[in-house]
Amino acid sequence: MYIDILILSQLMHSPKHGYEIKKNVAFLLGKSNTINNNYLYPTLKRFEEMGAITKQLELQENRPNRHIYSITEMGKEIFHSLLNEFPPEYARNQDEIFNRLAFFELLEPETREQVISGRLRYIEENLAHLDGLVHSVEDNRFLPMSPILHEYSRLQMKAELDFFMRLKARFSTPKDLEPESEANLNLHKK
Numbered sequence: 117m118y119i120d121i122l123i124l125s126q127l128m129h130s131p132k133h134g135y136e137i138k139k140n141v142a143f144l145l146g147k148s149n150t151i152n153n154n155y156l157y158p159t160l161k162r163f164e165e166m167g168a169i170t171k172q173l174e175l176q177e178n179r180p181n182r183h184i185y186s187i188t189e190m191g192k193e194i195f196h197s198l199l200n201e202f203p204p205e206y207a208r209n210q211d212e213i214f215n216r217l218a219f220f221e222l223l224e225p226e227t228r229e230q231v232i233s234g235r236l237r238y239i240e241e242n243l244a245h246l247d248g249l250v251h252s253v254e255d256n257r258f259l260p261m262s263p264i265l266h267e268y269s270r271l272q273m274k275a276e277l278d279f280f281m282r283l284k285a286r287f288s289t290p291k292d293l294e295p296e297s298e299a300n301l302n303l304h305k306k
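Residue numbers (our numbering): 117 to 306.
Simulated from the structure, these hints should not be mistaken for laboratory data.
Calculated pairs, EDC-like style, for lysine to aspartate or glutamate (alpha carbon to alpha carbon, straight line, at most 16 Å):
| no. | residue 1 | residue 2 |
| --- | --- | --- |
| 1 | K171 | E189 |
| 2 | K284 | E240 |
| 3 | K284 | E224 |
| 4 | K192 | E165 |
| 5 | K274 | E241 |
| 6 | K132 | E164 |
| 7 | K132 | E174 |
| 8 | K192 | E224 |
| 9 | K284 | E229 |
| 10 | K192 | E164 |
| 11 | K147 | D211 |
| 12 | K274 | D247 |
| 13 | K284 | E226 |
| 14 | K274 | E240 |
| 15 | K284 | E221 |
| 16 | K171 | E136 |
| 17 | K161 | D120 |
| 18 | K192 | D120 |
| 19 | K139 | D120 |
Okay, the calculated beta carbon distance ranges per label pair:
| no. | residue 1 | residue 2 | range |
| --- | --- | --- | --- |
| 20 | L277 | P180 | 47 to 53 Å |
| 21 | A218 | G167 | 24 to 30 Å |
| 22 | K161 | L277 | 39 to 45 Å |
| 23 | K171 | I264 | 51 to 57 Å |
| 24 | E240 | L173 | 49 to 55 Å |
| 25 | Q172 | M281 | 46 to 52 Å |
| 26 | D278 | N154 | 36 to 42 Å |
| 27 | H133 | K192 | 16 to 22 Å |
| 28 | R270 | N154 | 35 to 41 Å |
| 29 | S130 | K161 | 19 to 25 Å |
| 30 | S262 | S148 | 22 to 28 Å |
| 31 | M190 | E226 | 19 to 25 Å |
| 32 | P204 | M281 | 17 to 23 Å |
Note that this is a predicted model, so its numbers are computed, not measured.
Using N, Cα and C, we set each Cβ at its ideal position, and we do this for glycine too.
Work out the full structure: start from the sequences and follow the hints.
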């Protein structure tokens with residue numbers, strides 16, 4: 117679902133041709149993730165059939181013609197609906213979390229709370245699991261949970277826990293839930 121949101125987000129900014137959408141989404145996803153044509157173009161076709169986007173042929177001299185995609189009002193509604201859809205299992209998915217953080221100021225207050233509280237639960241469960249795991253294998257140096265791996269994993273989880281606790285504190289009052297206050301979001305300071 118997060119890739120669908122990224123595709124529509126590109127069109128929220130301005131009309132684009134398919135390759136430009138693909139290039140921008142690939143840039144956003146980073147080197148560890150890609151979007152291929154077998155996903156992009158069927159998704160664009162599905163969005164077009166839903167009335168979420170329109171497609172216009174652009175004629176080009178000495179180059180192949182291409183289609184320019186634009187978002188419709190219905191597409192904007194679908195974008196916001198997809199963005200605010202956050203079932204509990206999404207809290208365990210790094211890509212879904214990153215996507216919601218990228219558009220945090222566009223989320224409904226209830227969805228923001230679901231993102232924060234869901235991810236906090238996930239982190240706390242992982243920390244408990246890590247601690248239980250290290251105690252069960254601490255006497256065997258050939259098992260996969262070495263002290264170094266445990267320390268690395270725990271530090272990573274603690275940093276994320278700290279981030280989400282600060283995010284929760286920042287957005288705990290109704291006035292802070294307004295999109296205008298997004299500019300005041302500085303999570304690097306304690």
